[in-house]
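Each chain is listed here by its residues.
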Amino acid sequence: MGDYEPVLLRNVGVEGAATIGVYKKRGGYRALAKALKMTPDEVVEEVKAAALRGRGGAGFPAGVKWGFLPKDRDVTYLCVNGDESEPPTFSNRVLMENDPHQLIEGTIISAYATQSSIAYVYLRVEFHELFHILQRAIDEAYAAGYLGKNILGSGYDLECYIHRGAGAYICGEETGLIESIEGKRGWPRNKPPFPAVEGLFHKPTVVNNVETLCNVPHIIERGAGWFTGIGPPGSSGPKLFCVCGPVNRPGCYEGPMTITVRDLIYGDAYGQGMIGDRKVKAVLPGGISMGILTGDELDMKMDFADPAEYGLLGLGTAAAVVVSEDTDIRVVLRSIAQFFAHESCGQCTQCREGTSWMYKIARRIAAGEGGPGDLEVMYETAGNLGMMPGLSICGLSDGAAFPIRTLIEKFRGELEQHVREAPDEIEQRSPSTVRS
Amino acid sequence: MPKIEIDGIEVECRDGITVLQAALEAGWSVPHYCYHPGLSVVASCRLCLMEMQMPSPKGGGMEWSSKLVPSCQVPVKNGLVVRFASDQVKRNQRRVMEFLLLNHPLDCPVCDQAGECLLQDYSYEFGDPTSRMRDEKHKSPKKDIGPRTLLYSDRCVLCTRCVRFTREITGTHDLCVTHRGSENEIDVFPGKALDNPLQGNVVDLCPVGALLDKDFLFKQRVWFLKRTKSICPGCSTGCAVSVDSNEGVVYRLKPRYNPGVNDWWMCDEGRFGWKYMHDANRITAPVIRRGGVTGTPPWDSVPEIVDARLRAVIEAHGPDKVAVVLSPMMACEEAWLLVRFLRSVASEATLVLGPVPIQGQLQMFPVGSTGDAVRFTIRREKCPNRRGVETIIAETGGPTLSFEVFCEQATAGAFAAAWIVGGYPEPWVTKDFAKAVGQLEFVVAQDLFPNEVTEVATLVLPACGFAQREGSFMNFGGRIQPFDRAIAPPDGAKGDGQYLYELAGFTGLYSGRAVREMMAQEIHLFSMVKEAPPMPVHQH
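Heads up: the sequence lines are chains H and D, in that order.
Note that my numbering numbers the first sequence so that position 222 is 222, with each residue one more than the last.
Note that my numbering numbers the second sequence so that position 167 is 603, with each residue one more than the last.
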């Protein structure tokens with residue numbers, strides 16, 4: 001992969017890349033000028049032709065999403081999802097910290113394509129430093145005439161605001177995000193209506209991930225053909241990958257979606273192997289919510305299709321947590337369960353109660369107090385939540401279910417060892433509560 | 437009318453409703469917590485889920501979708517095919533019931549809601565008999581959230597009906613959800629209390645024992661309560677209510693569904709406005725004053741006394757010297773019987789409508805709403821039947837006077853006898869009125885509490901509270917709504933309707949319905965009674 005020329009990260013490490021001058025000197029805002037000479041529909045068609053799939057986790061084609069906007073709409077909003085809350089994921093952060101104008105340019109072009117009048121950048125509250133970097137860049141873009149009224153003399157107006165969250169994973173879900181911008185509790189909405197029809201302030205709304213929008217200027221500048229030339233069909237374009245855990249070089253890297261999990265851990269351009277040559281016990285390759293791989297499943301390709309072959313929910317955020325052989329899998333299980341119990345918004349019964357129940361059980365198993373039936377209850381509970389079986393309003397609970405289910409499936413032996421070793425008295429000490 | 441298929445059975449349903457409503461109306465028992473017909477749909481309890489046929493993704497016809505769908509959210513459409521009788525649906529119901537009880541304290545023996553609790557009912561009908569939970573329960577606190585209401589958040593199922601009520605119906609936004617996940621709690625905002633004029637409804641809305649009425653707390657097990665259909669006499673809106681009583685004691689009032697009048701709601705003023713009926717100071721037996729001597733005549737002798745005294749007055753002063761002051765607290769039937777009786781003795785008796793209590797401002801909800809957006813109204817006229825009594829006076833004809841003019845004329849000596857009906861829970865006799873009454877030779881006072889009129893009346897007859905009477909009230913909009921008797925009059929007293937019925941020359945037991953039928957012969961309007969519809973099964 002040494003010959004891969006970074007696109008999205010091309011300005012990372014460049015002195016002053018976050019300023020408009022350096023960004024422009026390196027070719028910035030050319031795509032915007034080009035896009036404004038196209039009709040909005042032409043921009044949409046170009047993005048559709050590039051088959052740009054959403055980088056936020058679900059992989060829904062961005063152009064198709066834009067196409068859902070009703071034809072006769074009066075007001076449209078664009079929401080930029082910068083809530084980046086998935087554990088081990090920090091690619092949006094790298095993009096915004098190092099190259100904020102790339103996002104702003106992508107936002108303006110996408111807002112133009114969707115004829116949005118206001119773009120809201122929803123920013124994770126923990127991005128303190130980044131907020132100032134991005135706000136400075138937005139101010140620069142206003143001053144340069146890229147935002148505001150009559151952008152580059154095109155007659156197109158766009159206002160751009162940053163809206164900071166308050167520390168909730170759920171606000172990364174697009175309708176949770178919309179509610180949050182509206183000043184409400186970030187409880188996801190029932191769909192339909194989808195945001196494209198009725199979103200922010202009841203108006204047609206597009207919500208796109210930061211990385212997705214960062215791809216847009218390059219598609220416009222270099223064309224859909226260039227974009228589809230990178231990576232396999234169905235997973236085209238440059239992609240950011242994160243890797244963390246006991247690897248030699250944790251970080252955020254760019255590459256085509258032809259790489260495997262093994263490349264991400266061991267590749268020279270990526271993680272460069274495990275610290276002290278430890279063995280990989282497990283990997284959660286798509287953020288934690290997509291599910292888990294064993295150390296024998298490292299040939300999984302980091303694209304939109306292959307994860308399903310390994311029982312995973314999807315590519316997710318393409319951010320891998322590597323678990324080494326010396327880590328107790330019970331601790332992994334507990335950490336995962338804890339995260340979702342903490343982040344479930346509590347709106348739907350199954351997710352609210354299921355995630356906290358699974359955490360209680362996982363905590364007990366990790367403490368060596370797992371009893372017979374615990375794994376079964378946990379596994380079954382993980383099967384009793386989720387949007388995919390229609391049991392909840394949003395996908396958070398699918399994200400809670402998949403890592404726990406796949407972990408129990410793939411590491412049952414190790415878990416059972418600990419559970420079986422648990423003293424029999426546990427069963428007698430806390431018998432099932434009988435109610436009538 | 438669209439036809440849908442539920443569990444293989446064709447169901448014809450009303451337009452514009454959801455599958456859940458259609459199923460409930462057609463008699464299906466579908467568990468649900470967050471859905472309430474008077475509130476917006478949030479589809480968050482995930483208990484009413486169903487299977488639905490969708491176009492096959494492979495093309496060529498319909499097939500059962502692998503996803504469950506909230507029936508509260510799907511509008512009925514001709515040809516829709518759904519099912520609740522499936523393993524997947526039932527499994528979800530069992531699991532949701534298990535989930536909801538994970539952190540529930542199971543303190544039914546000390547819970548007010550026990551007996552009318554949807555956690556109990558649904559657990560019995562849809563849940564498993566055992567729990568697999570072996571970890572410690574998360575315990576949410578008990579909170580005092582307002583002057584009248586407690587929140588035991590450990591019992592809460594987070595259906596958010598109460599939160600939506602304060603947003604959508606009162607517009608006061610008093611309640612919110614705090615925390616996250618299984619630590620979610622309903623709460624008021626810091627330094628604020630749940631204290632809006634309709635707040636009692638959140639207790640009714642709560643499907644479990646989380647929101648509790650301090651007034652009713654630990655007073656009665658609900659299965660001892662007898663439920664009687666009534667109409668709130670608190671203002672001229674005429675909310676349909678249920679009076680819950682046991683052994684002659686009222687314990688609480690609950691709203692009854694009454695579309696276009698009060699829908700599912702009632703105000704706190706009405707909800708807690710019945711206490712006067714059990715006041716120890718009430719007049720409970722007839723009193724007669726003869727030459728400075730006070731006695732209690734047997735009820736049997738009352739018609740005789742009234743008849744003899746009235747005739748004596750008429751003989752001495754003429755038939756136009758008799759007046760009757762009717763109260764807007766009276767039922768239509770009672771007013772009609774009294775008028776009929778008095779006119780039969782004194783054909784030129786003057787009919788007077790007593791004082792109409794007006795208090796405060798018209799209160800419309802949600803706060804600040806107007807026109808079609810108004811969901812509930814508390815009216816200034818704090819009596820239930822001004823229009824009904826006015827109608828009877830107008831339709832009967834003959835001499836009538838306004839209350840003010842009557843006071844003036846009576847003070848000037850224009851009358852010799854009067855039958856004065858009170859029945860107001862609050863003191864109502866003004867100085868002027870007491871002075872006017874003082875001029876009369878013979879006064880019958882029919883009232884709840886002793887006052888300046890009953891102190892001087894020749895004959896005092898006990899009046900009863902609304903729950904001790906039956907009849908009908910005509911509300912502000914002219915709707916005639918019947919109400920039943922929930923409890924017996926206090927010992928020694930007799931129902932107003934009963935003794936007026938006897939005075940009017942009828943024998944046997946007074947019945948509001950029977951009297952209404954007679955009234956309708958004379959005043960056609962009274963054939964158009966409007967009963968609130970029965971509460972649909974499984975709708976709480």
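Quick caveat, the hints were computed from the structure, so don't treat them as lab data.
Note that the Cβ used here is the ideal one computed from N, Cα and C, for glycine as well.
There's no promise every hint is true.
What the hints assert, rightly or not - Only part of the chain D face toward chain H is listed, based on derived beta-carbon distances under 7 Å:
1) Val505
2) Arg531
3) Phe535
4) Arg568
5) Ile750
Unchecked claim - Quick list of in silico lysine-lysine cross-link-like pairs, PhoX-like style, CA-CA up to 20 Å:
6) D:Lys573 / D:Lys650
7) H:Lys184 / D:Lys650
8) D:Lys513 / D:Lys439
9) H:Lys191 / D:Lys503
10) D:Lys690 / H:Lys191
11) H:Lys37 / H:Lys48
12) H:Lys184 / H:Lys203
13) D:Lys711 / D:Lys690
14) D:Lys578 / D:Lys628
The hints, checked one at a time:
no. : hint                : in the structure
1   : Val505              : holds (6 Å)
2   : Arg531              : holds (5 Å)
3   : Phe535              : holds (4 Å)
4   : Arg568              : holds (5 Å)
5   : Ile750              : violated (72 Å)
6   : D:Lys573 / D:Lys650 : violated (26 Å)
7   : H:Lys184 / D:Lys650 : violated (31 Å)
8   : D:Lys513 / D:Lys439 : holds (7 Å)
9   : H:Lys191 / D:Lys503 : holds (14 Å)
10  : D:Lys690 / H:Lys191 : violated (35 Å)
11  : H:Lys37 / H:Lys48   : holds (18 Å)
12  : H:Lys184 / H:Lys203 : holds (16 Å)
13  : D:Lys711 / D:Lys690 : holds (14 Å)
14  : D:Lys578 / D:Lys628 : holds (16 Å)
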